[in-house]
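Engineer: Next come the chains, spelled out residue by residue.
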Amino acid sequence: MEPQTKRWKGSACDADSWVAFPVLSDQQSQDVELVEAFAAPIVDKKETSRLLRELNAVRPLNGLQHVKRVRAVRGSGGPHPLEVLVCLVSDAPDLKVVSIDDLLPPDGVQRDGLGEPFVVKVPARPPLTRPQFELASKHWPTSFHEDKQVTVALRGELFGPLRKARMSAYMAAALTAAETGAALGMEAVGAVAVDPASERIVAVGHDCSGDRPLHHAVMVCIDLVAQSQGGGCYSFDRYPACRFTPQTSGTFGGTEASSQPYICTGYDLYVTREPCVMCAMALVHSRIGRVFYGTSSADGAMGTKYKIHSKKDLNHHFEVYKGVLGKQCEELGGLGRPRQKTRAH
Amino acid sequence: MGTEEGRKADSEESFYPSEKDIEKWMSCAFDMAKDALQNGEVPVGCLMVYADEVVGKGRNEVNETKNATRHAEMVALDQLLDWCRRGNLEVSGVCQQTALYVTVEPCVMCAAALRLLHIPVVAYGCRNERFGGCGSVLDVSSAHLPETGTAFKCVPGHRAEEAVEMLKSFYKQENPNGDQNSSLL
Ligand SMILES: [Zn+2]
Ligand SMILES: [Zn+2]
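Sequence order for the protein chains is A and B. Taking the numbering used here, I'd label the letters of the first sequence as residues 6 to 350. Taking the numbering used here, I'd label the letters of the second sequence as residues 268 to 452.
Since the hints were made in silico from the structure, they are not lab data. Careful: at least some of the hints might be erroneous.
Each computed DMTMM-like pair below joins lysine to aspartate or glutamate, with the alpha-carbon atoms no more than 20 Å apart [to be verified]:
#1 143(A) with 36(A)
#2 317(A) with 406(B)
#3 324(B) with 302(B)
#4 420(B) with 286(B)
#5 332(A) with 19(A)
#6 435(B) with 302(B)
#7 316(A) with 406(B)
#8 316(A) with 302(B)
#9 317(A) with 396(B)
Given only the sequences and the hints, what does the whole structure look like? Please build it.
Structural biologist: Following this line, the structure appears as structure tokens:
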């Protein structure tokens with residue numbers, strides 16, 4: 006089955022018109038959380054390694070392994086080029102004015118190398134992304150184990166021009182299905198399941214909720230994928246735009262595939278609108294490979310209200326990207342059955 | 268719109284099964300679950316009851332359909348929709364007076380489906396620690412999701428230990444190594 010692009014062909018759908026950004030977990034996208042700590046100037050630079058050794062022994066910075074203990078004071082022109090973290094404020098005795106003697110036990114650290122302490126803010130958690138790293142480093146030097154793919158994805162550069170052309174074609178097929186559904190009085194939402202290994206469209210579905218309230222485009226698509234593997238439980242014969250490519254026995258995973266209900270393993274799903282909670286969790290149950298959506302939705306569960314794809318407690322996690330043909334997907338909003346708050350959609 | 272929602276809230280307020288109803292229908296749900304366990308199936312019993320009549324009765328159909336969304340609740344909801352169609356009844360009117368009785372807390376997906384159909388009350392047995400949508404993993408049942416139907420009331424904990432025991436023995440026979448990674452709930 007070839008992607009139908011007749012309506013969406015041409016410059017409007019070209020791969021330069023959109024950028025897909027990753028929908029990262031809360032941990033990856035949240036602001037940098039800071040904790041207060043006492044720092045002190047190192048008066049005599051030659052004492053640095055001794056001070057570090059002694060401080061690490063009596064005041065270890067538990068849970069802050071990502072924070073560097075010493076920082077160089079850049080271009081301050083001041084008398085002390087280095088500063089060292091003494092301890093967390095929360096570990097210090099509750100005193101208004103502290104001196105270095107208040108912060109350290111009587112023995113264990115020779116004080117003569119240290120100046121008077123002052124309060125600084127350091128990042129409470131290791132940075133997970135480059136933006137978090139850059140923010141964290143403004144407060145105090147921090148180490149960072151970079152996930153290069155996340156960095157490139159956040160710049161919107163993960164997918165090259167050829168890949169993007171492919172992705173445009175898949176989303177265009179979802180847009181065409183959405184339009185067809187809308188013309189039948191359904192909500193204008195379309196979804197396409199793709200086997201990225203063979204670049205083949207496995208199933209195309211559109212919203213059928215005007216007929217069956219739970220038949221959102223994603224749910225339709227999941228059942229069509231099941232049908233492509235000899236399963237499924239609905240007939241979508243009345244909706245010619247809802248269709249699947251039958252698997253020939255040799256092409257699909259062979260041994261394990263037949264006994265596993267996790268039919269979407271390794272597949273990509275393209276859907277014009279961010280899935281709702283039901284559809285997002287259905288994709289978790291189906292073990293989808295990746296999800297690409299065009300535009301956000303008000304109760305969306307892949308970025309807007311929840312991030313079900315990165316929810317720690319769940320047993321399957323996957324990457325989600327949004328913005329594929331974003332403008333065209335957004336324009337679909339005006340088509341089809343209007344959303345009704347008090348009725349199932 | 269405000270008045271419409273207000274009226275809706277009233278009708279939900281007015282529908283709530285009695286203790287006796289819950290006792291009776293949960294007992295049916297447990298019988299279903301036991302039956303399923305004896306036949307080597309996922310031991311979840313699930314009933315949709317409208318006007319003292321069972322209008323949907325589901326068992327897990329994930330394996331035979333290869334569709335991982337065919338949880339007992341989804342099957343029961345489909346039967347409810349078919350029942351409405353046969354009787355030429357308006358779906359939303361029926362759903363707003365229908366209770367779900369199920370031996371295990373509905374998962375996140377099923378909880379959202381119940382919201383989308385405006386089911387007002389769900390009585391369940393044990394918690395669903397891995398997928399539960401009524402508080403265990405997410406609280407879809409009460410969350411502020413104005414585009415996702417209406418929130419529903421939960422009546423949890425009915426014969427919870429018994430429901431857990433059935434699940435445990437099912438997973439033991441399903442996979443003696445104790446791998447509980449399947450999503451059948
Ligand atoms: Zn949905
Ligand atoms: Zn479920």
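Engineer: Is the straight-line distance between the alpha-carbon of residue 143(A) and that of residue 36(A) 20 Å or less?
Structural biologist: Within the cut-off at roughly 13 Å; holds.
Engineer: Residue 316(A) and residue 302(B) were given as a pair; does the straight-line alpha-carbon distance stay at or below 20 Å?
Structural biologist: Status violated; Cα separation ~34 Å.
Engineer: Between residue 317(A) and residue 396(B), does the CA-CA distance stay at or below 20 Å?
Structural biologist: holds (13 Å)
Engineer: Do the alpha carbons of residue 316(A) and residue 406(B) lie within 20 Å of each other, as the hint requires?
Structural biologist: Distance ~13 Å between residue 316(A) and residue 406(B) Cα, so the pair holds.
Engineer: Taking 20 Å as the top limit, are the C-alpha atoms of residue 317(A) and residue 406(B) close enough?
Structural biologist: holds (15 Å)
Engineer: Can the restraint linking residue 332(A) and residue 19(A) be considered satisfied, given a maximum Cα separation of 20 Å?
Structural biologist: holds (11 Å)
Engineer: Would the pair residue 324(B) and residue 302(B) pass a check requiring their Cα atoms to be no farther apart than 20 Å?
Structural biologist: holds (13 Å)
Engineer: Tell me if the straight-line CA distance from residue 420(B) to residue 286(B) falls inside 20 Å.
Structural biologist: holds (14 Å)
Engineer: Do the alpha carbons of residue 435(B) and residue 302(B) lie within 20 Å of each other, as the hint requires?
Structural biologist: holds (15 Å)
Hint 8 alone, counting from the list given before, is not met by this structure.
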